[in-house]
Amino acid sequence: EAGVAQSPRYKIIEKRQSVAFWCNPISGHATLYWYQQILGQGPKLLIQFQNNGVVDDSQLPKDRFSAERLKGVDSTLKIQPAKLEDSAVYLCASSSLPSGRALYEQYFGPGTRLTVT
Amino acid sequence: AQSVSQHNHHVILSEAASLELGCNYSYGGTVNLFWYVQYPGQHLQLLLKYFSGDPLVKGIKGFEAEFIKSKFSFNLRKPSVQWSDTAEYFCAVMNYGGATNKLIFGTGTLLAVQP
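Top line first, the protein sequences correspond to chains P and R. Note that my numbering gives residue 14 to position 14 of the first sequence, counting from 1, and the numbers run on in steps of one. Note that my numbering gives residue 57 to position 57 of the second sequence, counting from 1, and the numbers run on in steps of one.
Hints listed in this document are in silico derivations from the structure and should not be mistaken for laboratory results. Honestly, I wouldn't trust all of these hints.
Said to hold, decoys possible - Derived BS3-like pairs: lysine-lysine, alpha-carbon spacing no greater than 25 Å straight-line: (1) 83(P) / 62(P); (2) 49(R) / 71(P); (3) 102(R) / 62(P); (4) 15(P) / 71(P); (5) 58(R) / 71(R); (6) 78(P) / 102(R); (7) 11(P) / 58(R); (8) 71(R) / 102(R); (9) 62(P) / 15(P); (10) 44(P) / 102(R); (11) 78(P) / 11(P).
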């Protein structure tokens with residue numbers, strides 16, 4: 001099966017500019033996640049969607065970050081305006097809906113490496 | 001709040017050496033545990049997972065991990081590493097029963113295997 005697709009793979013912008021990332025999850029996966037991975041750290045969840053509804057956005061800096069998942073499939077993550085500390089890899093992942101205590105796997109995309117100068 | 005500690009940030013081994021990477025988590029409730037691996041230039045992929053049953057879990061490529069509840073640990077092991085195991089390894093924990101299925105990742109361990 002096709003994996004999680006992300007674009008662009010690399011992006012360099014100046015601070016205060018805006019940027020958008022796109023994610024296409026695995027077909028049929030109801031849950032979609034955006035993670036931020038700063039160099040030397042593990043991924044940190046920014047936002048989780050179930051279908052087109054937000055389940056958790058507690059760690060999303062809402063003053064500058066926004067995300068949407070129209071029609072419960074593709075998703076975009078936007079940063080406006082960007083700061084130097086936003087330099088990171090932005091990972092998208094998707095998974096099936098869990099059932100009971102069924103353990104499901106999150107499948108990760110290749111990520112978008114953002115450099116803010 | 002749940003946290004995950006990976007004590008080894010960089011590990012360098014020769015081929016055929018044994019590997020053990022430490023992982024400890026802080027939350028004492030029911031947890032699901034994972035090890036993910038990221039090979040150079042590739043995306044994160046699941047190495048193995050635990051949610052119940054036998055605390056010794058076997059994953060892909062000869063890796064295994066042991067869940068020790070009393071020590072809040074989920075260490076990753078491999079008896080004999082290969083050059084192709086060079087990668088970054090992430091331990092992750094999910095608290096079962098929460099409203100979300102949030103994975104909390106450790107900071108990762110960079111493993112370099114010398115031929």
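Checked hints:
no.	hint	result
1	83(P) / 62(P)	holds, 13 Å
2	49(R) / 71(P)	violated, 31 Å
3	102(R) / 62(P)	holds, 19 Å
4	15(P) / 71(P)	violated, 31 Å
5	58(R) / 71(R)	holds, 20 Å
6	78(P) / 102(R)	holds, 21 Å
7	11(P) / 58(R)	violated, 38 Å
8	71(R) / 102(R)	holds, 22 Å
9	62(P) / 15(P)	holds, 17 Å
10	44(P) / 102(R)	holds, 9 Å
11	78(P) / 11(P)	holds, 13 Å
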